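Join the two chains, each given in its own frame, into one complex according to the hints.
Here the protein sequences line up with chains S and X, keeping their order.
Using the UniProt record's numbering, count along the first sequence one by one with no gaps and you end on 520.
Using the UniProt record's numbering, count along the second sequence one by one with no gaps and you end on 438.
Hints are computed from structural coordinates only; laboratory data are not their basis.
In this text the structure is predicted, and so the values were computed from the model without any measurement.
Yeah, the Cβ is synthetic: ideal placement off N, Cα and C, and Gly gets one too.
Treat the hints loosely; a few may be bogus.
[Claimed, not checked] Covered by chain S, per the in silico footprint, the following chain X stretches (three or more residues, Cβ under 8 Å): (1) 260-272; (2) 343-354; (3) 417-429.
[Stated by the list, open to error] In silico BS3-like links for lysine-lysine, alpha-carbon gap of 25 Å or less: (4) S:K514 - X:K183; (5) S:K504 - X:K269; (6) X:K269 - S:K519; (7) S:K514 - X:K256; (8) S:K505 - X:K419; (9) X:K179 - S:K514; (10) X:K419 - S:K340.
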Amino acid sequence: MEERGNKRGGSETPLGRGARPAGRSGGDFSEESRAGSHHHPDTPPCPERAGPRGAPRPVPCGRARCACRSGLSACAQRGAEPLIAMESAEAEASESRPEEDGAVPAGDLPLPEQPAATMEDCLAKKMEITVSEAEKRTGRNAMNMQETYTAYLIETRAVESQNEGQCSPVDSLWRRYSEFELLRNYLLVTYPHIVVPPLPEKRADFVWHKLSADNMDPDFVERRRIGLENFLLRVASHPVLCQDKIFYSFLTQEGGWKEMVNETGFQLKADSRLKALNATFRVKNPDKRFTELKHYSDELQSVISHLLRVRARVADRLYGVYKVHGNYGRVFSEWSAIEKEMGDGLQSAGHHMDVYAASIDDILEEEEHYADQLKEYLFYAEALRAVCRKHELMQYDLEMAAQDLTSKKQQCEELATGTVRTFSLKGMTSKLFGQETPEQREAKIKVLEEQIQEGEEQLKSKNLEGRDFVKSAWADIERFKEQKNHDLKEALISYAVMQISMCKKGIQVWTNAKECFSKM
Amino acid sequence: MSGGAAGIPKPLPSSGPKSLREMPHPLATSSSEEMGPALTPSPDLLLPRSVADKDLSLPNGTPVDTSSPASSSSLLNRLQLDDDLDGEAKDLFVTVDDPKKHVCTMETYITYRVTTKTTRAEFDLPEYSVRRRYQDFDWLRNKLEESQPTHLIPPLPEKFVVKGVVDRFSEEFVETRRKALDKFLKRITDHPVLSFNEHFNVFLTAKDLNAYKKQGMALLSKMGESVKYVTGGYKLRSRPLEFAAIGEYLDTFSLKLGTIDRIAQRIIKEQLEYLVELREYGPIYSTWGGLEVELSEPLEGVSACIGNCCTALEELSEDMTDDFLPVLREYMLYSESMKNVLKKRDQVQAEYEAKLEAVALKKEDRPKVPTDVEKCQDRVECFNADLKADMERWQNNKRQDFRQLLMGMADKNIQYYEKCLTAWESIIPLLQDKTETK
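Bound conformation, chain X alone (with noise of 0.2 Å):
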């Protein structure tokens, strides 16, 4: 590993999920001295090597700090973090509950507490336990996104709630709410480079972020564009193959998505308006039940059987509302923001493509490939990695989240049937009892 100088590219970390292990952690143990409120501009491929003053730097070009030895064994550890989501090795966790809601003058809200128990250096107290709201969801995805815009950041619940009468302050939909808020931090947390990321750190511990957040949008403003990718016109000349097919994928993927949506709301529908004529149904043969006399049993054992039948599809359908829908749209944004990461890495191979047509156009006889160029193929070739990575993360997840969620929702409806077999089974004897006595 060389020092800031430019010299010969280095030989690319190969891409795949593998070279996850070797691959730098861009939160270097810089942050961890940096810690609080003060900001530092993340660590990221953009910072020229020259600029980090350090022996050490990682193949990234992240500067790496080994003065301190708990950070260099804390960077062999998270080198040799385990990628599996069973999180045997698991040293992070984190978990949402307990929602609130506020009163204020100006506005209500709901807070969520966050709690944290880890045993990783970068945190200062093995615990944290901090109460946050949606906004604030939202701005730690924001600067993720910022400041890691190679990977894929998992979605967040929708921020506005477009159908009619949706109560926002609804226990159903607090509990949604909160279900996809905890699988946002649950993702971020099981991510071996987002969850070392310095603003995930600050969301999961800091008393007053609103603080944080302003100091945040101060240096910012100092920093300039530094910080995000510039993403200029170019023209891609050439997708490889691997990322087109994901793209394509990813189309494909976010139709079927949504065409299951639709059914699903569509059964719903019709669950509902059946439950309507049910209800209707079943109290009639209770007046039925009045007229007669030896058949009143019976039909009132009909009539309450059917009512029985109702609640279990009325649970049904508010079980599917529930978990079920919400999943699906879910991913759909994130195969929304896999498209956009997708969008980005284009842009970034086609800056590099357009430097090198640049540099080939000069016909130079310099020995050395310029740095600008250099730097842009690292760029594409960490992004591509990163990309990959969480590519086939993202897609053992989706594996998973998919087996679950159908895997739910056959046994709410075998629930529902097995409900409604009870009560029907449970009347035969009703039915039968007087035509044996006779």
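With the rest of the complex left out, here is chain S (with noise of 0.2 Å):
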């Protein structure tokens, strides 16, 4: 299959999906936006992408759950806030924290590294992204086996926030799925503060039977396709990801991007997981509010995990009924051969019922982009417990090292004073096999008392760390926590709204059944 290397487009062409509205300011997005399928005029466009039944491809800023929409409108309305919180905050520098044990209380809050990015500042305002195309490869991976694999096309453009009639140049370069794992496993490990949007699954799940499983089936591919927009779309608008170097280059700079993240040495940062559930098991005063954070992302979990394979077997089950209702419409068309008069109302009878029987299609589909946006938020709840782990673990680290820093400072007063307070297989051997010279004993008191300092000092920078973490952590679950009420009414709504389409078009149906029946 052709490579396509980075697009400069000198075209005036816009991103080509029909009216979209700079900036996406969440204004109206009708109809028309949806409708024909995108292609640049110089290359044909790939036959891979087509929708399903060759339907146009729906425009994810079409729904009411696209990231940006919701994400400019956290960012616009609600963005704000938390950060101004953090601004403020930083600018209470005695504020007084409630004090942890073993821990010692913090002074002045340092400033975090950058400041995160105002709403005027977010990447998504300032550009433009698309996942606008899909394509199947064949390469050789690492072991030079021939595998197949889907690119997908990323194409950016500057808005032009001032010249509204003015098209700056198109951006493109193609990215594979396994790219995007990178991209997000190095965000997770660089912020481990913030609550990282997900990438849409990996293979295909909650499938109800009509639905393939298979990773190559064009209406899976369509939906990663949107499902990988979507993430793109909420780093960009996320006050503190969007300005990631790392993120940019990865829209932007085709060549040595892998390169580039790697130089960064972020897997080495990596907390392992052992490391992770040791602390989980151990932790002794974390932050209430994250275990019980903990324990709300793994019920959600749990319960969008269940309503998702119920809403599959529903789907399944819906589908049956309707479809059973096309054999009326043969055996309809049978019968009216026979009759005289009750003929055509029978016959067109039959018509109205292979309609129903065929609208289930659509509106099945339709709700598939339903179970995505749950499906976005059952893994976004993966993400809110790995921020949660996080402060459990760096709790624990802190922990030990106070630990550790006390029992030194008792050994040390120990050795001072010559006398055992507690236990300990030092002073049992010191008393089975003889003490020690003063000289021996100064020494070892002097060693201790650098370690001690270092411990003091080492404690009192991971002690701010802790709180530093804790209140970015628990500025940016706000700000989540906000996005994904707003976001998941949309969804309930958006979903109210297709049961009401469905049951019009039902009654529709219906309706026009009846009249051809009343004419037999």
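Below you can see the structure in the form of structure tokens.
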């Protein structure tokens, strides 16, 4: 298959999906923007990316759940709040914090590494990002074996806020799913206090029988394309994440990006799962809010999984009900052949039964988007848990450091005063094998005192880190909660709207059929 | 109209519905004199004209007593009876209702109240109210088939309930049956010939039907086979086109009905399975709502909404089971009855043809055709006429019944969707509410 390099679009074509308001201010997304398939005038449309059954590919931005819309509104309306809160908190340098056991009370809080973006600076505002195409590729993998994979075209364009008339050139590059994963892993490690947006599922899950579980299935690829775009938009509208250089390069620099990511050495910074698990079990005094949040994310994950599973079964059954009605179409037609006066009515009623049976396909396809919205939050629960785990890890680390410091201090004291407070091996051995010389003791005390000083400094910084983490994590969590509530409410509304539409279609069809019957 | 002597074969009344006006009613006035427990053999085409010792006989050979003025005017009434199904000229109304359970030592059974209102002279009183059980309806139907073999007798709901777990005494079953029995009697009532059948009369009026039944049995054994048609194994030469067409039509019709029945059952099955899943689906939203704070109400709302849809779906499935399927089955039975009557007609025609051939073979130089053959010919032609008339009526009824049935089905589905629509529309404000207050 052809390889496509970076496209420098000299043409004036917009991103090609019909009317798309610049900046995506959350305005109306009319039906027009949904229609039509995308292609650049100078490249043939990719055959793989035709929508299901040749239907026009739905545009993510036309949906209520669109990340940019919610992200923006979060950014525009609410995103500012935690940021402001953060900034003002930074100003309150001497605000007292609740003591944590064994930890040293914090003094002035240091500023975070870089100021979070305000709503004006969010990348999403400055740049239009789409994942516009998906293409099957074959290549050789690391073990020099042939493999087939799907590549996704990412297109970006600077937003011209002043001049609505002008269109800036489109940049584009191809990425595959594994690169998205790499990006996300990088973000997870680099920003452990942020609830990092999830990727769409790697493998099709929660499928009802008609849907394919095949990764190469065009419908699956299509939904994944939308999911990947959603991911990029979420990151781009996140006040902190959008400023990341690696992220920016991911969008704009095709060659050498992988090397760049690996050079950051983020893999080394990653906490081992074993370490994290250990911390979870042994931490004594985690912030209660995080413990509760962890519980919540576990339960959220469980309930959404259950919901998605049953929804898939419901879809299956509903499909059956509608399709069986198609049989009426055939038998009414056959029956009408032997009837005189009844014939016409029967025949036309049969046609409506066929329409009814066919209508379920579109209905259920729409519902898949609702399922995808739920899935996003199912995966978000995992990200939430990751933040909580990080807190536990840091807290555990802190507790261990404090514990270590305490024991060293005690040792020092014992050596200095010669009393043995607690049972210790040193104490016993010295009792058994004789006392040390005063010089030896002095040396030991000195070493310990150095260690104690080091330890206290470390503890202080760890404490600060810990507090910092809690503060910034909690700010992001609050941002996330708002986003979640907003998005899920929108999702429920769109689900209700779908159901209403389905009911209206049903009424229409049966009313038509009834009229045909009345003419029998 | 001649008397009993055999003569030139009478010109037959033309076939078709119009002939009904001219057609005699088998139930001659003689029966009005012989009302009551004593059984009179049903006057029918078989009785040779010579037996009837009257001045007048109707074209089909049934004797008519014109001695009593009431009978002749009522006869005229009948002859002028409007075939219109809307029953503007109806003078007989029958209803089946009020099912009651009877528990006896030997058995438990259900009886239904049969109410009659009439102005007909054949009835002593203007109103009757009796209780009858299924057995009695079954008896009536058999009697009608015997006594009116040239006519199509409406079907009864099935006698035995084959499908495993149906409760014979459940409200739904009894109600479904009641409706079918009511329909059965109404169809007879609407029939210009059958409604005058004396067994029907007795059924509607007798206090002790069992006594009547027993007498009937006794008399029957005395009468021997004469009440029934003798259907020997005669082979039919050629079926008249119209009856062949009816036969073919009925075959295809039954097939299609069977298919529709299967489809309807399948739909109900799928709907119930869908319902099972929905019942699990709804409460999950509620569980989720318990986890959330701000989303709690919206999620609860969705849960309740789905619950409402479940109820609506349940109602739809019940309606289809109780109202739709039984009528389909009834028409399948009707088709079967009709086919049997067609077969009988074929037999009668075959007999006639055989006899005709026998006569031709003998090559006798008789100026007149033997009475025997004449009778057969009459039989055939009357049968054909009756059957055609009934077929037309059946077609009309069928058209109306199916129109009503299918419109009803469409209606029920519309109602289902309307209920669901209301449910979902009502939660939209709930879902949007908080969003706006933000």
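Consistency of the hints with the structure:
{"no.": "1", "hint": "260-272", "in the structure": "holds (count 6)"}
{"no.": "2", "hint": "343-354", "in the structure": "violated (count 0)"}
{"no.": "3", "hint": "417-429", "in the structure": "holds (count 8)"}
{"no.": "4", "hint": "S:K514 - X:K183", "in the structure": "23 Å, holds"}
{"no.": "5", "hint": "S:K504 - X:K269", "in the structure": "24 Å, holds"}
{"no.": "6", "hint": "X:K269 - S:K519", "in the structure": "29 Å, violated"}
{"no.": "7", "hint": "S:K514 - X:K256", "in the structure": "20 Å, holds"}
{"no.": "8", "hint": "S:K505 - X:K419", "in the structure": "14 Å, holds"}
{"no.": "9", "hint": "X:K179 - S:K514", "in the structure": "23 Å, holds"}
{"no.": "10", "hint": "X:K419 - S:K340", "in the structure": "36 Å, violated"}
Violated hints for the displayed structure, listed by number in ascending order: 2, 6 and 10.
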